[in-house]
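In order, the protein sequence lines correspond to chains A and B.
Read left to right, the first sequence gives residues 1 to 128 (the numbering used here).
Read left to right, the second sequence gives residues 1001 to 1453 (the numbering used here).
Certain hints may be false.
[What the hints assert, rightly or not] Okay, the calculated beta carbon distance ranges per label pair:
id	chain 1	residue 1	chain 2	residue 2	range
1	B	V1305	A	V76	39 to 47 Å
2	B	Q1322	A	G95	44 to 52 Å
3	A	Q96	B	A1236	22 to 30 Å
[As the list claims (entries may be wrong)] Distance condition first, Cα-Cα at most 20 Å in a straight line; then the derived EDC-like pairs of lysine to aspartate or glutamate:
id	chain 1	residue 1	chain 2	residue 2
4	A	K62	B	E1327
5	A	K48	B	E1321
6	A	K62	A	E11
7	A	K62	B	E1321
8	A	K62	B	D1427
If you're looking for bench data, these hints aren't it; they were derived computationally from the structure.
Computed from a predicted model, the values in this text were never measured in an experiment.
The beta carbon of each residue, even a glycine, is placed where N, CA and C say it ideally should be.
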Amino acid sequence: MYPDDLKYTKEHEWARLEGARVRVGITLFAAERLSDVVFIELPAQGAKVKQLQTFGVIESVKAVSDLYAPISGTVVEANPALAEHPELVNQDPYGQGWMLLIEPADSAELQGLLSVDDYRRLIGEPVN
Amino acid sequence: MTPWTAHKYISLTEADRQHMLRTIGVPSVEDLFTDVPRSVRLLRALDLPPVPSDAELLRELRGLSERNGDADRFACFLGAGAYDHFIPSIVWHLAGRSEFYTAYTPYQAEIMQGELQAAYEYQSLLCALTGMEVSNASMYDGASATAEATVMARDLTHRDEVVVSSAVHPEYRQVVRTYTRHLGVEVRDLLHQRGVTPVEMARDLLSERTAALIVQQPNFFGGLEDMGRLAEAAHAVGALLVVAAADPVAYALLKPPGEWGADIVAGEGQPLGNHLNFGGPFLGMLATRQAFVRRMPGRLVGRTVDTQGRRGFVLTLQTREQHIRREHATSNICTNEALNALAAAIYMAALGRGGLRQVAEVCARRAHYAMGRLAQIPGFTPAFEGPTFHEFVLRCPRDPEEINGRLLDVGIVGGLALGRFYPDLGDSWLLCVTENRTREEIDRLARTLEAMR
């Protein structure tokens, strides 16, 4: 459940290059550790985010955590569905549970992120 | 070390002390103090007068306390943030019950359902009074609640400037500055004009940088603000409207801030069933819209159901708070004024909508009678023209501080000499008339002023 085509952060966010833009969410590992997500605070459209700086807050029945941007850039869209349905993050973390669509300042920043194998090692999962 | 002597209020005997010392393995009480340097210790007996009898002691203390003036014996025309309203006996009869009257605020849902339900009712009643959607379980006082609202507005808007009307209580404004000084928030003063906040000047000061416009209703001078247009001006630039309240009793009569579009209402709840208490403990109120609840500081009690479907009350949304969110918390406040909030809840429930409105009406009528009566005295004129609730400002023919001194001699607490906060209002005197002031007292004040030479 850790797709090969994604890049990962040590803070358990994923990034997917979609054309010139980057879609961002949190990994299955993070979603499972948090358990039921009840609230997500995301930046507004047009906000600037910086790589590995916080861009929002995720709250579950167990904990509250900061969200870290995998890449610097401008927020094109924040997932509007999460306001009413934060549970999408648990149900479909790589699909409907996405958080931000970012116009990257420099997409080369993606190269500095973890590959799927590096990420699996980080969380103690067997590497294919 | 002073030798141990038995005392009627300390139940410990010499045998008890020896027993405790043996248990912890220390030879003498003196050994417990070895860590305190001798140079800072008082190595002799306290220099106290001979022990009085209980009767003598009570007589002396009574004599001391009678040197205080209080609003029961003096006719109090002082408001300015603390209000002498009548408190029905039931309020403190119930609030003083031992189930409530504890030394600390109990939040354990397992054993404190009564307390939590009371807090929930306080929140609900405060929302009804202010026209807001959600209230916290209370804070320290009006000044700190206004400051908390300022920080909340900054967090909600991600903006770093607030515009504060100078018709907001001067002490609230000072506390706003203290709270925000190290948060990089710039506090800009909006000068009142003829006792109210000028809308046009507000528009000039408000910008895309403004997190909030802070006004008070009724304002510090007792005047009514042009709330609709002030709300419009704030919202036009995306700023929030924070409404400070010094006496929420007014909202039983006036259109409440929520209906004017206020985003946060913060202020003082003392006038709701709480005594003057020498200036504290008071009761900080903070209410807002549902959409902003996660940025709200302070404790919040919610209603829920248990595993068997029964109604229950618990602290809720605690992830905003410092013990969970640490440095990201909405505020460092982790407590509230539970007993004072309880008194406010009982007060509001006891009076009901109609009763509270009656209190507000009597306040307004008596204050307007007083203003008319006092303005007939040569040299005394209303300083401002607009409508007022239960406070008003008079210009005086002599120093208001001097007038106050002379009134005290005849058992009257005069108004606030405004020069203390507003140097250009040195001849101005802020008076308050609640439902507790009788027509006779107002006439006596007028006659005393007439006779002053």
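Checked hints:
A hinted range of 39 to 47 Å for the beta carbons of V1305(B) and V76(A) is consistent with their spacing of about 41 Å. Distance hint check for Q1322(B) and G95(A): the Cβ-Cβ separation is about 36 Å, which falls outside the suggested range of 44 to 52 Å. Range check, Q96(A) to A1236(B): Cβ separation about 37 Å, and the 22 to 30 Å hint is violated. Restraint check for K62(A) and E1327(B): the C-alpha separation of about 18 Å stays at or below 20 Å, so the hint holds.
Distance hint between K48(A) and E1321(B) is unfulfilled; the C-alpha atoms sit about 27 Å from each other, more than 20 Å. Proposed proximity of K62(A) and E11(A) is supported: the alpha carbons are some 17 Å apart, at most 20 Å. Note on K62(A) and E1321(B): the hinted pairing holds, with a Cα-Cα distance of about 14 Å set against a maximum of 20 Å. For the suggested pair K62(A) and D1427(B), the alpha carbons sit about 60 Å apart, so the restraint of at most 20 Å is broken.
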